[in-house]
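If you want the working numbering, it's the 1-based position in the sequence shown plus 7.
Be aware that one or more of the hints could be misleading.
[Stated by the list, open to error] Keeping only pairs whose Cα atoms sit at most 27 Å apart, straight-line, the calculated DSSO-like set for lysine-lysine is: (1) 31 <-> 84; (2) 102 <-> 84; (3) 84 <-> 117; (4) 102 <-> 91.
[Said to hold, decoys possible] Pair ranges (Cβ atoms, derived): (5) 45 <-> 92: 39 to 49 Å; (6) 21 <-> 64: 22 to 32 Å; (7) 13 <-> 44: 19 to 29 Å; (8) 92 <-> 62: 35 to 45 Å.
Derived from the structure by calculation, the hints contain no laboratory data. Keep in mind that this is a model prediction, so the values were computed, not measured. All residues carry an ideal CB built from backbone N, CA and C; glycine is no exception.
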Amino acid sequence: VAPVTRDPAASAYEKVLAKAGASKVRDTVDARVVAGVRDRTGKQIDSQRHVGGWPALASLAAPRDSDGDGMPDAWEKAHGLNPKSAADGNMDRNKDGWTNLEEWLADLVK
């Protein structure tokens, strides 16, 4: 079991606000929520109507995934997997207890 690092409350608060969000890259929704926490004006949001509707979110085209296993071909090649075989998504190439798909998902937030 890995050791637990404890932070004083003020430090933990800043760390959470620096990293919290729905994805690796902050969008307008994340920025608004964090700003509301910082300036203490934030409220519970239970409908998009409370915040002016859905935001316009930019997106990119999905990377090529020839076998449809959820992992991009380039990532599979870089990690010694076969981009033409969907079977390797549920395998554990390095025997660490994480499937290859889980490894790719974890790489998204590094």
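Status of each hint after checking the structure:
{"no.": "1", "hint": "31 <-> 84", "verdict": "23 Å, holds"}
{"no.": "2", "hint": "102 <-> 84", "verdict": "18 Å, holds"}
{"no.": "3", "hint": "84 <-> 117", "verdict": "19 Å, holds"}
{"no.": "4", "hint": "102 <-> 91", "verdict": "21 Å, holds"}
{"no.": "5", "hint": "45 <-> 92: 39 to 49 Å", "verdict": "47 Å, holds"}
{"no.": "6", "hint": "21 <-> 64: 22 to 32 Å", "verdict": "26 Å, holds"}
{"no.": "7", "hint": "13 <-> 44: 19 to 29 Å", "verdict": "21 Å, holds"}
{"no.": "8", "hint": "92 <-> 62: 35 to 45 Å", "verdict": "38 Å, holds"}
Comparing the model with each earlier hint shows no violations; every hint is respected.
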